[in-house]
Structures are given as C-alpha cells and as structure tokens.
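Novice: Sequence:
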Amino acid sequence: MSIAVITPAVAISAPFTRRQGRELLFCLAGLPFAVLSPVVLVVGAVDLSWYATRGGRGSVSPADVAVAVAGVGLLAVLLVSTGAARRLGSLQRGIATRLLGVRIPGPRDGGGWRVMAYQLVKLPIGLLEAYAVFFWVGGLVNLSYPLVWGGFRNHPPGAELSPLPVYTPFGLFGEGTFRVATLPGTFAAAAAGAAMLLAAPWVTRAVTAADVRLIRGLLGPGRLAQRVHDLELSRALAVDDSAARLRRLERDLHDGAQIHLATLALHLGMAREKLGDRGEVPDAAAARELVDAALRGAKDALAELRNLARGIHPPVLDNGLADALASLAADRAIPVELDVSIPVRPTPAIESIAYFCAAELMANAAKHSSAGRLAVRAAGRRDVLLLSVADDGTGGADPARGTGLSGLAQRVAVVDGRLTIDSPPGGPTRIAVELPLRA
8 MSIAVITPAV AISAPFTRRQ GRELLFCLAG LPFAVLSPVV LVVGAVDLSW YATRGGRGSV
68 SPADVAVAVA GVGLLAVLLV STGAARRLGS LQRGIATRLL GVRIPGPRDG GGWRVMAYQL
128 VKLPIGLLEA YAVFFWVGGL VNLSYPLVWG GFRNHPPGAE LSPLPVYTPF GLFGEGTFRV
188 ATLPGTFAAA AAGAAMLLAA PWVTRAVTAA DVRLIRGLLG PGRLAQRVHD LELSRALAVD
248 DSAARLRRLE RDLHDGAQIH LATLALHLGM AREKLGDRGE VPDAAAAREL VDAALRGAKD
308 ALAELRNLAR GIHPPVLDNG LADALASLAA DRAIPVELDV SIPVRPTPAI ESIAYFCAAE
368 LMANAAKHSS AGRLAVRAAG RRDVLLLSVA DDGTGGADPA RGTGLSGLAQ RVAVVDGRLT
428 IDSPPGGPTR IAVELPLRA
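Numbering follows our numbering, in which position 118 of the sequence shown is assigned residue number 125; successive positions increment by one, without gaps.
In short, the hints are calculated from the structure, not lab data.
All values reported here derive from a predicted model rather than from experimental measurement.
Careful: at least some of the hints might be erroneous.
Stated by the list, open to error - List time: in silico EDC-like cross-link candidates among lysine to aspartate or glutamate, alpha-carbon distance up to 20 Å:
hint, residue 1, residue 2
1, Lys374, Asp338
2, Lys306, Asp262
3, Lys374, Asp399
4, Lys374, Asp405
5, Lys374, Asp429
6, Lys306, Glu296
7, Lys374, Asp330
Said to hold, decoys possible - Label-pair restraints from in silico Cβ distances:
hint, residue 1, residue 2, range
8, Arg94, Lys374, 31 to 39 Å
9, Gly224, Gly28, 25 to 33 Å
10, Asn326, Leu38, 32 to 40 Å
Ideal Cβ placement from N, Cα and C applies to all residues, glycine included.
Let the hints inform the model, and build the full structure from the sequences given.
Specialist: Written out as structure tokens, the structure is:
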C-alpha cells in the first residue's frame, strides 16, 4: 500500500486543481440524495401526520409514527416495483462516473432494494459531505473579511458594530471567544479561513472516497452475481481468445513466413536451372543473384518466425517477470520508477499476461497521457499478483476510446483476473491489474 506524501507545495496547490473542483461538485450533488433518506422521510411524515391530526399541538403519538413508517414503506415498495429506484441508482452511478471518472456497473439482481439500502446509509455520508462543503464556504467567507471590513464597515470613531461571525471546523462562533470586532481581528479570521481552505481538499477527498466505496458496495453488482457473471464471461473470453490467437497465428504464417519460404523455394529452383545438371555453368552471375535472393528470403523467414515466437512467449520472460519489466522500463522514453517484489514466481501464462499488460499500459501512458513520469509496481501477495502502472498525465483514460484497455480487460478476464481504472479528468491515472498466481 502506497502512502501519499503531502508536501507544502501540494497542500497549497490542492484547492486549485480540477480534481478538487470535481470532488466538491460531487459532494454538492450528493446532498439532495441525503434528503431522500428514509430516515428523513419518516421524520417529515411524522411531522405532517402530527400537524394534520392535532394542528401542531401536543406531543407526537405512536399512531403518528406508525402512519409515517407505513407511508414511507409503501413509497419504498412503489419505487422498487416501478423501477424508479433502479433509475435513481443509475443516476448516482452516472454522477460518480461523470465527475470522478469512476465506472461502476449496475447490479444484476435486487437492484431496487439495494438502492433503498444506499439511501438509508446515505444520510451520515451526506452530513459529512455537507461538512466538507462547509470547509470551502467557511474558509472563503473568513478569507474575505479584511476586504469586507475595509469596503463596507467604514464608520465614525466610537461607533460600536456587531462582531462578524467566524467559521471554524468546530462550528460558528459569533458571540463566543472567537469573534471579529476590529480590523486587526479580520486578519486573524482570514488566517483561519486560509487554514480551512488548505484542509478542505483532504476532507473532501476522504468523504468522496467513503461515498464511492458505498456506491460500489450497494449500487454495484452483488458479489455472488458478479462472480457468476465473471466466470461466464471468462469462459466465453477464453474460447474466443483461443480461436482469435489461432486465426492470427495462421494469418501471420500465411502472409509472412509461408510467402518467404515459397519465394525461397522458387529462387532455389531457378538457381538450379541456371547451374545446369553438369559441366560448365552457362550463366554464373544470374545463378549467384538467385542464390543471394534465396539467402535473403531465408533470413526474412527466420526473422518472421522469430517475431511470431516472441509474440507467443517473449524470450525475456525466461528469466522471470522482474527482468522482463526491467527491460520494458529501460526501453521507455520517459523515466520509469520500477518496484517489483514477487516472492513466488507465477505460472508462465500469468507472467505472459502481466508482461503484455505492462507493455500496453506503459505505451498508452507515453502516447496518450502526456505523462512526465511512470511508476510501475508488481507484487505477489498470497495467491495474487498485483500489477499497477501510474502516471502523472492528463487522466481521462476510457476503455471506450480505443486505447487498448478493453482488450486488456478481456485478456485479464480470461484467467479470472481484474483490471481497475482510476483516471479522473485532469489526472493522475492509476491502472491496476489483479491476476491469480496460478492459471
């Protein structure tokens, strides 16, 4: 597990990045969903029943609570039965995809009730999202107090003005110990606002990560259904991948090595005719040219066969995945930070898939992301091989844009592996591949 190091430069620039803006918008977009929590709806229904039966007088009776719970329960049944709940979950997943670049497939069973469960636990997450937004708003308000005081609080000497409220992470202090009633005090408030703005991105990121995890767990596919689907997909992909490899190998042999060998045989036959059966050679120069052409054809055929063999199993993997990744890193035009720790060597099939995934991901980063640095990690943990390629580029990696990611995901799925993409617009990008050590 990597630990992010927060340097002063990173802390100061964090509030001004596009990523932080998108995370703040995600928190704002999540607030209306918190209001739709069944807890909030039950409380609102109890108040309505209380006002309807007793006009807001007296105390709430158990009958009011029972009516409210029954009404909210009926509403939940209607949302699930009509498919409105599933559309609500789809909307929330779409917001996460649009703003954070997180792609979460929809559930395959029980989606409506899982959406209602998400709405139930969304309330505390929504309160935390409101708290994160409070950091941004309160910090900006505090930071503006010196300008507000100079522009709108011009008053004759001796006039008493009510103190300005100062926002802190612990609440709002107006008449308490921390208040602003003088111009020098506004600079103290501005310092507090600057501190809140520096802390706001990290609070927002923590809350956003918690909400995304909740969306994955409740609005994504269930574990058992996803497992069955993955196994079915793996079986179909294994068959298709095997057939595609055979067709590609046959085509390469037919269009490459076979043509070179046929040309070689033709040149040798013509050279034999030029040499004659016995005696003096009537046209030695032409015979030599044909032999030279046959020699070039033989070299081309060998090169073609060598390339085909390398595409099936790169020879650099004979010494292990660590040496193969080091060879890939050495061939990159941009700096690559490589960290490999694989105590138990994977099977050849897994090593081959990991090698081709790393090669494709590194090539994509250099070609599409405008990255200045790559970080490649490979680690063996229990029965799993974890490979990740991260870059500091522009982000926005999308399998639908034809960058080869969909093909990698299919290749990984063949051996029951998983490819995870974390690439918000503006970067950075981290793509992780999880493979079993044994295939």
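Novice: Could you run down the list of hints and mark each one as holding or not?
Specialist: Each hint, compared with the structure:
| no. | hint | result |
| --- | --- | --- |
| 1 | Lys374 x Asp338 | holds (14 Å) |
| 2 | Lys306 x Asp262 | holds (16 Å) |
| 3 | Lys374 x Asp399 | holds (13 Å) |
| 4 | Lys374 x Asp405 | holds (14 Å) |
| 5 | Lys374 x Asp429 | holds (18 Å) |
| 6 | Lys306 x Glu296 | holds (15 Å) |
| 7 | Lys374 x Asp330 | violated (24 Å) |
| 8 | Arg94 x Lys374: 31 to 39 Å | holds (38 Å) |
| 9 | Gly224 x Gly28: 25 to 33 Å | holds (26 Å) |
| 10 | Asn326 x Leu38: 32 to 40 Å | violated (55 Å) |
Checked against the numbered hints above, the structure breaks hints 7 and 10 and satisfies the rest.
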